[in-house]
Amino acid sequence: MSRVSQQNSGDSQVEDEIGVGPWPGDWPVDDSGAVQAPYDEQLLRDGDRRNVEDRYRYWTLEAIVADLDTSRHDFHVAVENWEHDFNIGSVIRTANAFNAKAFHIVGKRRWNRRGAMVTDRYQHEFHHPTAQDLADWAAAEGLTLVGIDNVPGSVPIEPYDLPCGCVLVFGQEGPGLSAPMREVCEVILHIEQYGSTRSINAGAAAAVAMHAWIRRHVWGQRPSLPIARPDSRRTVQP
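If you use my numbering, the sequence shown corresponds to residues 1 to 238, in order.
Don't read these hints as lab results, they were simulated from the structure. Heads up, the beta-carbon is just placed ideally off N, CA and C, and yes, glycines get one too.
Here are the simulated distance ranges between beta carbons: (1) D136 / W27: 45 to 53 angstroms; (2) P175 / W27: 46 to 54 angstroms; (3) G153 / E41: 49 to 57 angstroms.
All chains, full assembly: derive it from the sequences and hints.
Here it is, written out as C-alpha cells:
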C-alpha cells in the first residue's frame, strides 16, 4: 500500500498521506532478536513516509542504494549549475526514476536540492568544476557526451539512435547549454516542438530525453532511419 487515507470527522474531505504506518505484527528479526537486513528499526516502529516504491518500504537507505546499484542503467545525467537553477532538482529526481548510473553537477558544487525531494540520496553524485572537466572524465570512462538543447545545428532526438553508454547533458533554464559545454558535446539533440513557445521547461526536457534512452535500450525500440518530419518538409538523419 502506497497511500494512507485519513478522513476528518464531520468532513467529507479525504487527505492522502504517502507511505505506510508502523510494521503490522511481529518484526522481522533474527535468532538474536536483532532486526534483519534490509529493514530499518526506526521505520518499522514509526512507519515509512518516504517517496519510495512499495518494494522498498521499511528498508534502510543503504540497502535501497545497494539494490539499485544492481540494475542501474548505462546512461549518466549531467546538469550545468552556474545560477543555482531550481530546475536541477527536478532533473535529478527524474534521473532517480529512470535509475541513471549517476548524476553530475557541472559548475558550482552547491545546487538547489529542493526539487529533488531527497531522491538524490539514492543516487551517486559527481562534481566537475568545468565543462572540460566533465569531458575529460567522460572520455576516460568511454562515454559519449550528448547535449540536449534547441540550438542552431542541433539534431531532432526523435529519430536519433542514442548510444548506450552516454552522458545526457542539460543546461540552465533559459540560457541552455553554455558555449564551452556545446563545444565538448559530440552531438546536441533537440526535442521537436509544434506550438508557439520557443522552449520547454528544463525538467520536462530531461524527462523526455531520459525516456528516449529507456525506449531505445530497455524496450529495444530502435529508430527507423531515415524518417520524415510530420510536416513532410524534409527528411532528417541522425
